[in-house]
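2 protein chains.
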Amino acid sequence: MLGRPRRLALLAEGRFTPTEAKTAVGVLRYRPAEVAAVVDSGRAGRTCRDCVGVGGDTPVVRDVAAAAAVGADGLMIGVAPQGGALPGEWRGSVLDALARGWDVLSGLHEFLADDPQLAAAAAATGARLLDLRRPPARRPMAAGRAAGLAATVVLTVGSDCNAGKMTAAVEIVRALAARGARAAFVATGQTGLCVGEGGVALDAVPSDFVAGFTEELVLEAARGADYVVVEGQGSLAHPAYSGVALGILHGACPAAMVLCHPVGRTHLRVSAAPDGFAIPPLAELVRRHETAAGWVRPARVVGVALNTHGLDEPAARAACTAAARETGRAAADPVRFGAEPLADALAALRRDHAPAA
Amino acid sequence: MLGRPRRLALLAEGRFTPTEAKTAVGVLRYRPAEVAAVVDSGRAGRTCRDCVGVGGDTPVVRDVAAAAAVGADGLMIGVAPQGGALPGEWRGSVLDALARGWDVLSGLHEFLADDPQLAAAAAATGARLLDLRRPPARRPMAAGRAAGLAATVVLTVGSDCNAGKMTAAVEIVRALAARGARAAFVATGQTGLCVGEGGVALDAVPSDFVAGFTEELVLEAARGADYVVVEGQGSLAHPAYSGVALGILHGACPAAMVLCHPVGRTHLRVSAAPDGFAIPPLAELVRRHETAAGWVRPARVVGVALNTHGLDEPAARAACTAAARETGRAAADPVRFGAEPLADALAALRRDHAPAA
Chain A
1 MLGRPRRLAL
11 LAEGRFTPTE
21 AKTAVGVLRY
31 RPAEVAAVVD
41 SGRAGRTCRD
51 CVGVGGDTPV
61 VRDVAAAAAV
71 GADGLMIGVA
81 PQGGALPGEW
91 RGSVLDALAR
101 GWDVLSGLHE
111 FLADDPQLAA
121 AAAATGARLL
131 DLRRPPARRP
141 MAAGRAAGLA
151 ATVVLTVGSD
161 CNAGKMTAAV
171 EIVRALAARG
181 ARAAFVATGQ
191 TGLCVGEGGV
201 ALDAVPSDFV
211 AGFTEELVLE
221 AARGADYVVV
231 EGQGSLAHPA
241 YSGVALGILH
251 GACPAAMVLC
261 HPVGRTHLRV
271 SAAPDGFAIP
281 PLAELVRRHE
291 TAAGWVRPAR
301 VVGVALNTHG
311 LDEPAARAAC
321 TAAARETGRA
331 AADPVRFGAE
341 PLADALAALR
351 RDHAPAA
Chain B
358 MLGRPRRLAL
368 LAEGRFTPTE
378 AKTAVGVLRY
388 RPAEVAAVVD
398 SGRAGRTCRD
408 CVGVGGDTPV
418 VRDVAAAAAV
428 GADGLMIGVA
438 PQGGALPGEW
448 RGSVLDALAR
458 GWDVLSGLHE
468 FLADDPQLAA
478 AAAATGARLL
488 DLRRPPARRP
498 MAAGRAAGLA
508 ATVVLTVGSD
518 CNAGKMTAAV
528 EIVRALAARG
538 ARAAFVATGQ
548 TGLCVGEGGV
558 ALDAVPSDFV
568 AGFTEELVLE
578 AARGADYVVV
588 EGQGSLAHPA
598 YSGVALGILH
608 GACPAAMVLC
618 HPVGRTHLRV
628 SAAPDGFAIP
638 PLAELVRRHE
648 TAAGWVRPAR
658 VVGVALNTHG
668 LDEPAARAAC
678 TAAARETGRA
688 AADPVRFGAE
698 PLADALAALR
708 RDHAPAA
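As they're listed, the protein sequences go chains A and B.
For the first sequence, counting from 1, position 242 maps to 242 in our numbering; every step adds exactly one.
Throughout, our numbering is defined as the position within the second sequence, counted from one, plus 357.
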């Protein structure tokens, strides 16, 4: 990951749960061989599978020293807190890792390399502070170029932030690849950057260039691909994140969208107003995304990707059936039941839109 | 402006036209006493009024030395090129100004203070490189707070970039103030920052925080104001700038919007695809903005602000009448004929929404 093989300790102190430790869960699900341990003192002694449902027997340990004892040689910040600051109580763990000469990988908005204390600690041992969200210096301007691609561009969009957009994108790529299609994943957020190869954290670039970076990533990924599957960010419904969501939508110019939703979540995650914003019905979200896409290039929501975590299997299957009925689109929990229904819908759309021979 | 009284030379070499030198024109219109000269060698010897219709007898001069001869003591970059890089042929003028010890004010995305050659030249004379677009270090998260204000929040939105949103906002504030209302202007772009007091260049902040900074600016401006008039950025119709436009819309949570449009422009300014994107009809743009606003807080487009530059007066008045008929809203060219029709519409909306006594 990110330049060389690593054995990471994932820092998730006090927050190693499926909903709070989004980055740690993504890395454990898709890069398990690169994780030596998770640091969360209150859950030390348990396994990752036990805490978050993925990661198998990878141990949860008390601190950085204990992670070193099981073979870790690098530290990654495993959470994505709103606002993106380093939780103060984690500073000691970062300093401990740097003192051991470990590289520290962070997807926070607050760049660790710009922190004088941390920078000095890194310099003292030759360790590196790798800020995944730091934007490239380029200033690409979007111009709707992705609308002209022969590849089918797919964007995962969400009913909220932290709704499963990255996971759905990866699972769709896998399902498409399993049937022999050439499918590329485009990482646009901190967890996607850890899981994929390349990409840009679009929520951290200057807002004028969100669409331009998206377009650049899509054009690059489209070389030799039948499908380009772009991880969306934010949500058109979210008062803080709607702008980045729309910038990605208009930069990617997708032909198809997949709407991601965690079953049972009723209100948007808005820290200062936790009950202030109800999530609209799925059918309304489908309309909304198709409307907004059409401002630059018409696109269809072909399916719904649900996260049914916490439901028993009959209830999870019933939720998929209900979502399909409500929206008139394919619906699946891609992690639990596979992304095949979504891949089917994409293949059908690609077939219908193929240029005449 | 920006800390102390100045006599500025506005650098607009080769581009001192109403459409290309947006920042220079804004400063000449609203801060004429602070401008000593405009630098554009090909137009040297003419007046500002002659070149761009504002700025009276302020001279256009050949170079920085000629600007010094008429009393300039600072340099401001007077254009806002797409992509925001410093045109290479302007570097010599910036270096000349710095050698004279002049501060250089820039609203470019490319930060002049980060350029080693320019930074060294500034250090040599004690001059300062003031990058107006550099984002504050804060990371505010929007939460729809502006929807709860007693003040009436107004957002100018555009059919395109460079459509007159800043100018319309300033003219509306003036018209409201003229009738005794307490109206505050919120600057959100490089020209607005030069014309107003305070503000943040929202197109340059990390995209996650566009709405948060907007909300912060609106809440601050609302103290003691009846109306808060926010300068919009970009356009929901523009493939590169729709994200910043939506972020500002959802951060500001306006009750009212004013749609700005340059009469006669038929296609969006998309540098790589100049004829690729037709501007939708005004009535469609009204619907689109009201739809997108409603995703967070319902709002009404109360009027249309036209820029009728280049039309004779009967044609300009006919254009206003046609826009009013097409949209069913008030319409005016606020620069040419005054913003009173727009102020009337806002006052009516505020009256209708006033809390019962």
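Hints in this document: simulated from the structure, not taken from any laboratory.
Among the hints, a few may not be true.
To be verified - Derived CB-CB ranges, DEER-like: (1) 710/B / 274/A: 25 to 33 Å; (2) 708/B / 119/A: 36 to 44 Å; (3) 115/A / 448/B: 30 to 38 Å; (4) 197/A / 629/B: 23 to 31 Å; (5) 554/B / 337/A: 54 to 62 Å; (6) 56/A / 554/B: 36 to 44 Å; (7) 621/B / 116/A: 36 to 44 Å; (8) 674/B / 115/A: 36 to 44 Å; (9) 180/A / 621/B: 18 to 26 Å; (10) 182/A / 401/B: 37 to 45 Å; (11) 14/A / 644/B: 43 to 51 Å; (12) 41/A / 438/B: 49 to 57 Å.
Beta carbons are placed, not taken as given, at the ideal position from N, Cα and C, and that holds for glycine.
Taking the hints in turn, this is what the structure says about them:
With their beta carbons about 27 Å apart, residue 710/B and residue 274/A fall inside the hinted range of 25 to 33 Å. For the pair residue 708/B and residue 119/A, the supplied restraint of 36 to 44 Å is violated, since their beta-carbon distance comes to about 57 Å. At about 33 Å, the beta-carbon gap between residue 115/A and residue 448/B stays in the expected band of 30 to 38 Å. A hinted range of 23 to 31 Å holds for the C-beta pair residue 197/A and residue 629/B, which are about 27 Å apart.
Against the hinted window of 54 to 62 Å, the Cβ-Cβ separation of residue 554/B and residue 337/A comes to about 57 Å, which satisfies the hint. Separated by about 59 Å at the C-beta atoms, residue 56/A and residue 554/B break the suggested range of 36 to 44 Å. Our hint of 36 to 44 Å for residue 621/B and residue 116/A is violated, since their Cβ atoms are close to 54 Å apart. In this structure, residue 674/B and residue 115/A break the distance hint of 36 to 44 Å, their C-beta atoms being roughly 60 Å apart.
Residue 180/A and residue 621/B have their C-beta atoms about 52 Å apart, which leaves the hinted 18 to 26 Å range violated. For residue 182/A and residue 401/B, the hinted distance range of 37 to 45 Å is not satisfied, since their beta carbons lie about 58 Å from each other. Between residue 14/A and residue 644/B the beta carbons are some 47 Å apart, a value that agrees with the proposed interval 43 to 51 Å. For residue 41/A paired with residue 438/B, a C-beta distance near 53 Å keeps the hint of 49 to 57 Å intact.
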